[in-house]
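Peer 1: Spelled out, the chains give:
There are 2 protein chains.
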Amino acid sequence: MHDAAGILLSLLVVFVGARVGEELAQRMRMPGVVGEILAGAVLGPSLLNWVSPDQVLNALAEIGVVFLLFAVGLETRLDDLKRVGVIAFLVGTLGVIVPFGGATVWAHVEGFVWSKSMFIAAAFVATSAGITARVLQDMRALQRREAHVILGAAVIDDILAMLLLGVVVSVQQDGTTNAAHLLAVIAEAVGFVLIVGWVGTRVARRRSNWLERPRMSMSALSIVLALCLGLAWLSTRFGLAAIIGAFLAGLIASETEQRQQLEHHMKPLLTLLTPFFFVMTGVKLDVGVFAQPDALLMLVVATVLAVLTKLLGAYLGALKLGQRSALAVGMGMVPRGEVGVVVASLGLAAGVFNAKVYAVIVAMSLLTSILTPPLLGWLLAWSQQPQDDPQPT
Amino acid sequence: MHDAAGILLSLLVVFVGARVGEELAQRMRMPGVVGEILAGAVLGPSLLNWVSPDQVLNALAEIGVVFLLFAVGLETRLDDLKRVGVIAFLVGTLGVIVPFGGATVWAHVEGFVWSKSMFIAAAFVATSAGITARVLQDMRALQRREAHVILGAAVIDDILAMLLLGVVVSVQQDGTTNAAHLLAVIAEAVGFVLIVGWVGTRVARRRSNWLERPRMSMSALSIVLALCLGLAWLSTRFGLAAIIGAFLAGLIASETEQRQQLEHHMKPLLTLLTPFFFVMTGVKLDVGVFAQPDALLMLVVATVLAVLTKLLGAYLGALKLGQRSALAVGMGMVPRGEVGVVVASLGLAAGVFNAKVYAVIVAMSLLTSILTPPLLGWLLAWSQQPQDDPQPT
Numbered sequence: 105m106h107d108a109a110g111i112l113l114s115l116l117v118v119f120v121g122a123r124v125g126e127e128l129a130q131r132m133r134m135p136g137v138v139g140e141i142l143a144g145a146v147l148g149p150s151l152l153n154w155v156s157p158d159q160v161l162n163a164l165a166e167i168g169v170v171f172l173l174f175a176v177g178l179e180t181r182l183d184d185l186k187r188v189g190v191i192a193f194l195v196g197t198l199g200v201i202v203p204f205g206g207a208t209v210w211a212h213v214e215g216f217v218w219s220k221s222m223f224i225a226a227a228f229v230a231t232s233a234g235i236t237a238r239v240l241q242d243m244r245a246l247q248r249r250e251a252h253v254i255l256g257a258a259v260i261d262d263i264l265a266m267l268l269l270g271v272v273v274s275v276q277q278d279g280t281t282n283a284a285h286l287l288a289v290i291a292e293a294v295g296f297v298l299i300v301g302w303v304g305t306r307v308a309r310r311r312s313n314w315l316e317r318p319r320m321s322m323s324a325l326s327i328v329l330a331l332c333l334g335l336a337w338l339s340t341r342f343g344l345a346a347i348i349g350a351f352l353a354g355l356i357a358s359e360t361e362q363r364q365q366l367e368h369h370m371k372p373l374l375t376l377l378t379p380f381f382f383v384m385t386g387v388k389l390d391v392g393v394f395a396q397p398d399a400l401l402m403l404v405v406a407t408v409l410a411v412l413t414k415l416l417g418a419y420l421g422a423l424k425l426g427q428r429s430a431l432a433v434g435m436g437m438v439p440r441g442e443v444g445v446v447v448a449s450l451g452l453a454a455g456v457f458n459a460k461v462y463a464v465i466v467a468m469s470l471l472t473s474i475l476t477p478p479l480l481g482w483l484l485a486w487s488q489q490p491q492d493d494p495q496p497t
Numbered sequence: 105m106h107d108a109a110g111i112l113l114s115l116l117v118v119f120v121g122a123r124v125g126e127e128l129a130q131r132m133r134m135p136g137v138v139g140e141i142l143a144g145a146v147l148g149p150s151l152l153n154w155v156s157p158d159q160v161l162n163a164l165a166e167i168g169v170v171f172l173l174f175a176v177g178l179e180t181r182l183d184d185l186k187r188v189g190v191i192a193f194l195v196g197t198l199g200v201i202v203p204f205g206g207a208t209v210w211a212h213v214e215g216f217v218w219s220k221s222m223f224i225a226a227a228f229v230a231t232s233a234g235i236t237a238r239v240l241q242d243m244r245a246l247q248r249r250e251a252h253v254i255l256g257a258a259v260i261d262d263i264l265a266m267l268l269l270g271v272v273v274s275v276q277q278d279g280t281t282n283a284a285h286l287l288a289v290i291a292e293a294v295g296f297v298l299i300v301g302w303v304g305t306r307v308a309r310r311r312s313n314w315l316e317r318p319r320m321s322m323s324a325l326s327i328v329l330a331l332c333l334g335l336a337w338l339s340t341r342f343g344l345a346a347i348i349g350a351f352l353a354g355l356i357a358s359e360t361e362q363r364q365q366l367e368h369h370m371k372p373l374l375t376l377l378t379p380f381f382f383v384m385t386g387v388k389l390d391v392g393v394f395a396q397p398d399a400l401l402m403l404v405v406a407t408v409l410a411v412l413t414k415l416l417g418a419y420l421g422a423l424k425l426g427q428r429s430a431l432a433v434g435m436g437m438v439p440r441g442e443v444g445v446v447v448a449s450l451g452l453a454a455g456v457f458n459a460k461v462y463a464v465i466v467a468m469s470l471l472t473s474i475l476t477p478p479l480l481g482w483l484l485a486w487s488q489q490p491q492d493d494p495q496p497t
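So the sequences go chain by chain: C and E.
Residues in the first sequence are numbered from 105 upward in steps of one, following my numbering.
Residues in the second sequence are numbered from 105 upward in steps of one, following my numbering.
These are calculated hints, taken from the structure and not from any lab test.
Given the structure is predicted, the values throughout are model-derived calculations rather than measurements.
One copy or two, it doesn't matter: identical chains are merged, so the pair holds either way.
Straight-line C-alpha distance at most 25 Å; calculated SDA-like pairs for lysine to any residue: (1) Lys371 with Met134; (2) Lys460 with Asp107; (3) Lys424 with Ile201; (4) Lys460 with Ala399; (5) Lys424 with Gln247; (6) Lys371 with Leu116; (7) Lys424 with Ala237; (8) Lys371 with Pro318; (9) Lys371 with Asn313; (10) Lys371 with Ala330; (11) Lys371 with Arg131; (12) Lys460 with Leu401; (13) Lys424 with Val190; (14) Lys371 with Val120; (15) Lys371 with Glu361; (16) Lys460 with Thr407; (17) Lys460 with Val405; (18) Lys424 with His252.
Please work from the sequences and hints to get the whole structure.
Peer 2: Written out as structure tokens, the structure is:
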């Protein structure tokens, strides 16, 4: 029974570390996820060395991130896409294209081959709307037009980011440079996402009362969790990341009548399991990397690039709202948070990123999340003041 | 990323197997847990060989059973103990003593040393009230006096069973026969349970609003889950089974103001995690054992013994209700279900039980649970008919 005791102890240390880290971060007005990752870095081999990656903790981290992306999909309303209109669509699309392009070129200049550069750039793409939503809520600004645009654009951003991630993982695994073959790989990835997403959401919308038909307890939750695990596994068969299947399963589940109940039931699961993902992300972070000046410089450049490219893309998309509001929207799209971290951990697991690139991307994701709340708060207040500058129509 | 895919596939197979097994069992009017364990036996090495025990699945099973016993503790109301009165107390106590004594003697006659015999007998003790509660609910008999006695006695039964399990595990680990040392081991186990239980519930009753004070999301759930993992680990340090600490944590949490909310939040966690425990229980079950006539005979004897000793003990305790009602109460206490299975898996993990004893105990627990619903239904109907026999006062 020594083994069981050892497992319980490592679960206890990771779970308590995560919750304490989150609590401290929130008291310091930082996003909770920052605290969880920093807790992992403190507990991990590069500092205290109380926790090191093992099979069980890695498996729990994998389950945690799969359920996290499932929950992100579950909170994504495809119907909202039709309502958000042209501005949100422009913000979402330009907010993906500009950072992806910018970061690909930067990574290539840093000396990586194109396929690896695109993988790195994928970590610069996805906005983590949760942090922004929290700031908007704190400032009682959720009813302002900028808020609607940001939250609508974040949906488009999520879907595009997943599509892009699917493509770069496929390309990377294949390692091909043949254009025809590359197109086939991309077509397979995009095809999987579009077909599963389209068929699944249509089926879910038409006949979701069968989720309640089985006699087992919690039948709806059980069925969608099985769908989540199933699509996560299936997407790895198509050369995609498991989280893409989980995200698709969430999108499908969000179209069922039990959506709200499912969101409610997912919360305890996320409370228990996502800490393992974030803490293990921190555990794998070699903080010693930043003792080298070139890594620190790379981090500064990557963070500035991440902020400016997202700000520029989203600003251009939102210009119709006026310059100040467009800046606020752009800033609202800056935080990368969990999705950037997920891409970094995928890159590390696949052997694409070395310890330095991994550390830089995780730290960049954290920094964008830490920087956003104060800057966004300031921009939101500023954009509400009477403006003298002429507004474009 | 092959590793992640492999983990997802084994999670998928175990989870879907469990839910399909539960569904089939319930459609055949059997307890769901029977279906989950049989699903494991079918998926395991002795039949299909799709699932075999590995580190990750064993860890998930361990987390599942820890949370299961936490939830059992959470549903145990200490206040109910004061209300159920003398009859329930007699039913609970005699319903533990008679099976424990009978099974210890039987196991010793079968050739086991006394310490091992007591461990085996501990699997004959704990009633699984869930199955009985379901039958009472189906028959709209939850308001009858027999129902109150059964459910009250089940609380006492749970607590005594945990105390007993603590003692037999300590004695077994120590392997001592010195009487003074034995008493010290027992005192340590009982002391741990009583002190932690008493102090914990008193603290929880007085100041449980602090569970809501932290700013983190789901603070109450996070704190009690940490308490559960912490006490589970701590109880292994005292030579007790991890589930005893988890049960104590549940008892403590049940005294907080957030009890109902916590029960609600535990449901999704149990839905995801307990299947791993029950399926792995089945996976480890070598069904080939029952091809040998002596194992089959042992199973029949063990099952008859389990039914008769519990029936006798509880019947004697409930005689004041009249003979027919006392029989109904006795039958209501018969199902062993999950707790018998938990003891069996502890014995297997500790190397105390061989494959045959393990298989017999798991199968006995299942059989008592399968036999109870039809027999209890019949006795409940019979005890309500006009009676000719004289009733004892």
